[in-house]
Amino acid sequence: MSKSIDSILYSYAQIFFSNRKWFGAIAMFSTFIVPQIGIMGLGGVMLSNLLAYLLKFDKDKIEAGYYGFNGLLFGASAAYFFEITPFLIFIIILFIIICFFMSAALEHLLANLFNLPGLSLPFIITLYIFFVFTTNYNTIFFKGLNFEDYQFLSFIPDFIKIYLKSFSLILFQSSLISGFILAVAVLLFSRVHFVNSVLAFTFNYFFVNLIFPEVSTDLLILTSFNSILTAFALGGSLVIVSRKSIFLIILSSLMIIVFAGFFSKLLVNYLLPVLVLPFNFVVLSTIYSLKFRKDQTDMVLLYFKPGSPEENYYYHDNRKNRFAKFKFVFPELPIFGEWKISQGVDGKITHKESWKHAWDFVITEGGKEYKTDGMQVEDYYCFDTPVVSPMDGEVARVIDNVDDNKIGEINHKQNWGNTIIIDHGEGLFSSLSHLKLNSIKFDKGDSVKKGEIIAHCGNSGRSPQPHLHFQFQLTDKLGDKTFEFPISHFLEKDDSKFVLKSFDYPEENTFVRNIETHKALKKAFDFQLGDEFIVEYNFNGEEKSEKWEVDVDMLNNVFIQTDNDAKVFLYPREKVFYLTHFIGNKKSALYYFYLSALSVPLGYLDNLEWQDKYPISTTVNSFVKYLSELTLMFAPSLKSYADFKFEKRINGSKSFIIKNHLVNEGRGLYKLFGEEGNGEVEINFDGEIKSFSFKKKNSNITAKIKIKED
Amino acid sequence: MDKKIYERPLIIKQQSGLMNKFGSSTINAPVTEIDRVPVKDIVEKFGSPVFAFSERKIRNNQREMFRIFKTRYPKVQFAWSYKTNYMNAICSIFHQEGSWAEVVSEFEYEKARQLGVEGEHIIFNGPAKTAAGLERAIKERAKIHIDHFDELYLLIELTEKLNLTADVAIRVNMDVGIYPKWDRFGFNYENGEADQALKRIVLNDKLNLIGLHTHIGTYIMSTEPYKIAATKLVVLANKLKENHNITLDYIDMGGGLPSKNTLKGQYLEAEQILPSYEQYAEAITSPFFNLTMPPNEFPTLIIESGRALIDDAGFLISSVIANKRLSDGRRAVIIDAGVNLMFTSFWFKHRVAPGQNAGSFTENSSLYGPLCMNIDCIREEIVLPALKKGELVVIMNVGSYSVTQWMQFISMRPNIVLVTEEEEAVLIRANENLEYLTSLEVVPEKLKTFTLH
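Which chain is which? The protein sequence lines are A and B, in order. If you read the first sequence in the numbering used here, its first letter stands for residue 1, the second for the next number, and so on. If you read the second sequence in the numbering used here, its first letter stands for residue 711, the second for the next number, and so on.
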């Protein structure tokens, strides 16, 4: 029962690209200001959803309101345009059924052919058929409802009245009050939507008067509500909101005016109303064309399950900040132990122009690269040390017969010296040069594994002293242009501490090493499907307990779910463990676990530090956040991040402790707003996460985790 | 200007040999300071004789050795061999550098625990573990390296009794082409004992097989034996993977890397004939790449190097008690440190240098300790400049085994100091006194009085 009510409410919300039940409830309520429209609309939703249930369509989609909203629009519009008679109701029911099939068919067609949403196209088509069909009768009367302006509201400027009317007409309401209720609901649901609607309306008002100086109010309202709906779609619901959203909104307003002008002239002969046709046309064509851009890094199309524009933004921003650099392959440093980058990207000596994305590696001790006087290649610490494959691959080229130079001499004829080039698939090759004579252990065509020794460091080619040259490139050509590609995970030594770098480029004169995983950490964060945990915790003095279970969804996303409506998604990698995003109950222990273990390198070193960012939607929950969302389009005003480190393990400690310092920070006016928190996760030697705690203003949690044995 | 050194007159036989461009001086340059702390000051403050350890040298040795292994193999762990030098301060330096503890007795085990080393970071070796010791090690999850079948049976019994799982490895001995074969420790590889032991462990669900261990000997002067040993352990590890799907946590290659000390039988200086540590590391690590598992599952390589890391960080500063001439005309120098403090001088030709600036005239001498025993000879033959009573000599490369094998014999053990990185000499073990020595003695009542005439 509650699910069928959900499906009704979500159908109302869908029209405004909302995923909130309460929004649907308000929208439904607003339709009943003119009761007959409200009843017909509700009837349309219920019939459509009933049909979908009976015909066994996807229950999740029914509940989300995908099948209901076209029926709703049809029911409401029929009541808006026609005198309701019992006979007409019969015809309308028939058409709601037609509308349902139309939406099921169109949704599938557009999704599969063009990967586009169906929007309200099914409703428009059905309505046109209905309009033409009703001309067969002379008993069905077309009536235009008079818009209820209300005398007592006459103090409102016309400009705002038109804005509110546009809102009410989205749901075929003929009352200013409905428009007002809807506008407030939109503001509560999404500041981005609200700002978009104001912008779209204003631009439209300006452009319509510019393009059609003698504009009629009808055309103004028509273009207004089309522009507003379009701004909802392109300014946050189907395209992630950004500064460029303004550009899209201006552009689409202009297009709406043109198409509204076009369709009203075209359809007037057939006595058909234009309604939301321009909106459908402009949104679908804009989105479809945006898909074919070569660079999709701005005006990003929604690539995940939609939420509010803010939720979409935060989700995408989090992905972009934390994982955008992530590639499909995970190269590591081609060395064992700690090496110094003697020449980095864009180096002074040889890493220039087309060959700038390369690294030279040496080993130093006490600031020197060699022992004794450094006159022999053997004096150099790096000479004859192993060089390993940065990734799995197939050996594409081997040059192994160049003599090692004496110190200070250079072999210009064979610039690259002994070199091995490895094909890693996906068009990516790595090239390692100046290797020791006869040290390459593989032949062309052999396959190599990540971390497998492929050769030894030498001094061949253009190399005055022993070092390793490493670059990515796009062919197996010797000495080809370098290709900019990052190292997946590595540690950079910074005085006495180490900093975790992810998908980054080692910098000149830094000391770098690969992460050496620790058995206990690796085991602790190895969440397997079906694992269950009992978490006993004390939250602000109250003893509680919750159950965690590791599960996987249709898209193969692994997550931990609690029995109190919280969920966190996992992204476990070989060297680093990530929690990608959290949804649900923020009073759960899982929420605080998410805060304290956002990312964890799976190897321990004294003073290993790292930083990561949270989407502010998961860390900030207050009026300030709501306020900040009014200007989200222009620039995010808040940010949320944490500094993490392993607590130095001193003798007697039986565990690894991850310390976390969370900071919520504002810009400009929001500087006043700031919040900090401290978390801690404890992992024991047996590889179990034993406990965690988190303290911030008004919340204090300490939790113990027990693995549930079957 | 410094005052010129007074050199006592020497009568030196005129020798005419072939001329060479190297000169003839084999005398060690004077060692007047340790990490810029004058040895004179150390003696003034802490008396003579006195052991001095250089913290800087220890750390550098450890870091260098670790770097050498770590740039040749992805996962390396060092374990400090307690028996080499178990002074708390020294062990702590190694633990600060990340080393685990490698112990061979309950006493050493307890010492490591007392220092704060967790059981998980203790490797429990040795042929004589007691039931009580094993029980503690099981409970504290130490890594127990089983030496023989009787120990294995005892361990099985104990784990049953305690209803606990033990983390174990076996020590394997093998023919690596050197003499002596250290086949008294561990299970033999060639005769199949090792296989048998592994099978028994694998079949027992209370024993968790986590590693393999070998220790082929000490002061191994060539790299080949290590290569053979590593190859054989890798064969065992591959078999375990193939037959039982066990991926080991580690392979412990033991220690035995030589220090820069020269053995008595050696003619040339150790530094000139020994392979470099890089060559040893290469020999040890290269067979590991024949492991059949993917590189990210490779077991950790554990190195229990002892003497190579500490020998040259230890100095024994001693004073000349007397000079005398022996019956054959040789010069003899008697100093206040003898074999009681340097057991190692029975097999090593420790380097000895004057502790103050010395003249260039030298004399072939014998260096004796203070004990009233004929065997108390530090060097039968050594070229020394003329030394006066009270002057200092510094005996070098005494960092390993000296302060663990020293004897309280005839005299008491002296102070041990650490010259810190901050260039300050601090006491790390006080000299013994009569009270300390007699505190454990019990005199029966009837022996408490006596009358002497």
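Be a bit skeptical, because a hint or two may be false.
Claimed, not checked - In silico negatives: residues of chain B with every beta carbon more than 12 Å from chain A:
1. I778
2. M797
3. L1147
Stated by the list, open to error - Derived EDC-like pairs: lysine to aspartate or glutamate, alpha-carbon spacing no greater than 20 Å straight-line:
4. K340/A to E774/B
5. K493/A to E807/B
6. K522/A to E774/B
7. K519/A to E774/B
8. K547/A to E682/A
Stated by the list, open to error - If you want the footprint, here are the derived chain A segments under chain B, 3+ residues with CB under 8 Å:
9. 284–295
10. 445–456
11. 460–467
12. 508–519
13. 688–695
It should be emphasised that the hints constitute simulated quantities derived from the structure, not laboratory data. Positions of the beta carbon are idealized from the N, C-alpha and C atoms, including for glycine.
### Query
What hint numbers does the structure not satisfy?
1, 6, 7, 9, 11 and 13
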